[in-house]
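The primary structure of each chain is shown beneath.
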Amino acid sequence: MPGGESTTILKLMQKFNLAIPLKELARSGLPIWGTCAGMICLAKGVYNGMEGLAVMDMSVKRNAFGNQINSFESNLPIPPLGDEPFPAVFIRAPFIERAGPRVEILARLPEGTAVAARQGKLLATAFHPEFTSDLRVHSYFLKMATSPERRQ
Amino acid sequence: MNKGTWTTKTGLARSLKGGVIMDVTTPEQAKIAEDAGACAVMALERVPADIRADGGVARMADPNIILAIRKAVSIPVMAKCRIGHFAEAQVLEALEVDFIDESEVLTPADESHHIWKHNFKVPFVCGCRDLGEALRRIAEGAAMIRTKGEAGTGNIVEAVRHMRAVQGEIHRLWATPVDELITEAKRIGAPIELVKQVHDAGGLMVVNFAAGGIATPADAALMMQLGAEGVFVGSGIFKSSDPQNMAKAIVEAVTHYQDPSIVAESSRGLGSAMPGLEISSIPREELLAARGE
Chain P
1 MPGGESTTIL KLMQKFNLAI PLKELARSGL PIWGTCAGMI CLAKGVYNGM EGLAVMDMSV
61 KRNAFGNQIN SFESNLPIPP LGDEPFPAVF IRAPFIERAG PRVEILARLP EGTAVAARQG
121 KLLATAFHPE FTSDLRVHSY FLKMATSPER RQ
Chain R
1001 MNKGTWTTKT GLARSLKGGV IMDVTTPEQA KIAEDAGACA VMALERVPAD IRADGGVARM
1061 ADPNIILAIR KAVSIPVMAK CRIGHFAEAQ VLEALEVDFI DESEVLTPAD ESHHIWKHNF
1121 KVPFVCGCRD LGEALRRIAE GAAMIRTKGE AGTGNIVEAV RHMRAVQGEI HRLWATPVDE
1181 LITEAKRIGA PIELVKQVHD AGGLMVVNFA AGGIATPADA ALMMQLGAEG VFVGSGIFKS
1241 SDPQNMAKAI VEAVTHYQDP SIVAESSRGL GSAMPGLEIS SIPREELLAA RGE
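So the sequences go chain by chain: P and R.
Numbering-wise, my numbering puts 106 at position 106 of the first sequence, and it's gapless, one number per residue.
Converting from the second sequence to my numbering requires adding 1000 to each position, the first position being numbered 1.
There are no misleading hints in this set.
For each label pair, taking beta carbons as the anchor points, the in silico distance ranges come out as: (1) R:A1264 x P:E24: 23 to 31 Å; (2) P:I20 x R:K1031: 26 to 34 Å; (3) P:G49 x R:Q1090: 28 to 36 Å; (4) R:I1182 x P:E97: 52 to 60 Å; (5) R:Q1244 x P:S133: 40 to 48 Å; (6) R:S1281 x P:K44: 52 to 60 Å; (7) R:S1281 x P:I20: 45 to 53 Å; (8) R:Q1244 x P:G82: 47 to 55 Å.
No more than 25 Å apart at the CA atoms, straight line, and that leaves these computed lysine to any residue pairs for SDA-like: (9) R:K1003 x P:G66; (10) P:K15 x R:G1271; (11) R:K1003 x P:F95; (12) R:K1017 x P:T132; (13) P:K61 x R:K1121; (14) R:K1017 x P:M13; (15) R:K1071 x P:E97; (16) P:K15 x R:R1268; (17) R:K1017 x R:G1203; (18) R:K1196 x R:E1180; (19) R:K1031 x P:N17.
If you are wondering where the hints come from, they were derived from the structure by calculation, not from laboratory data.
Since we're looking at a predicted model, the values are computed, not measured.
Cβ atoms here follow ideal geometry from the backbone N, Cα and C, with glycine treated the same way.
Please model the complete structure; the sequences and the hints are all you need to start from.
Shown next as structure tokens:
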């Protein structure tokens, strides 16, 4: 699920009857990766009046770093991807405020903020790996998607 | 940690793709736009149709208007500065607007030069009528491009002309042999490095929206099918008889521009669109698109 304006995405999902089928697909084990607004869509909670799909047991904070002038790039350590930090691009990004026991936090910013997580075959990143040429998160998602692991 | 990079600037533009950016003049209008599914709002003192009717010098909006609008919504807030007026842009950056539109809709402050936008951390969008103009603005640091169209007219003809010009020239450059690119760069008045990039990629290096004359859901679907990656709607929403439903309908038409049955459904019962203006009825010196070249 792509980045963009989460309010718009969630409204259109509701209007064109995508929310319930997507929830069911996620619960039946379809691998889904959400970046930025996509991460908000996967989360539990109400965001600018719109409910997330609540398929991952976590709540996030929207626009958590402030206005666009605070958007940033950061070399982010993501242990499952190896020692080399990942060039993470945060655009008016959210972060993970609370995560339940089934959610594994994959990456944190230096101050401790959680910005990537996995629950079964669901992956969420607050940043945009698709804006860089580093394909390691894409590879990680493909491996995750094809692994025989049980559903969440 | 790096802020205000080319990637964060063009990244926000990419996040707006497939969306509708709406002109608003009050917090109430901003709320209507957000509720309708706008991906961003443009905070203004007057919509282009009123600027056109009122005449006089059109400037950057009062900061109080911009701040009140930002308080009312949580989607990105854009604001316009005059062409070449880098001090207005500095003020908008100090107010932390999310995007600055260096816009021909306002009265130009500099008839020869645009702002050197690389000096800013906030991204800029600029208007263009053809590929050469688009690449000159990108060379100056614009992280997003839009057609100029002819704002405040409710007449789509100029936006269509500009979008076809940009797309046609991209196709031509893509097919031009590499040893002829220098001559092409000279002909369209654009830096060779950017001309070469367009030739290699077969497309622009930044997001390109349509603007200037969109008044109906079908206008929006037309521009998307001509290659726009999203649309700005200026006067088209709040000068229509039913802004709430017009705003929703245009969002739906941009999302489903390839599905005429959804555009048809969205277009039903919207009341009257904004009153339109024939371009030939506008005195030449009042045409906005000619500004800033």
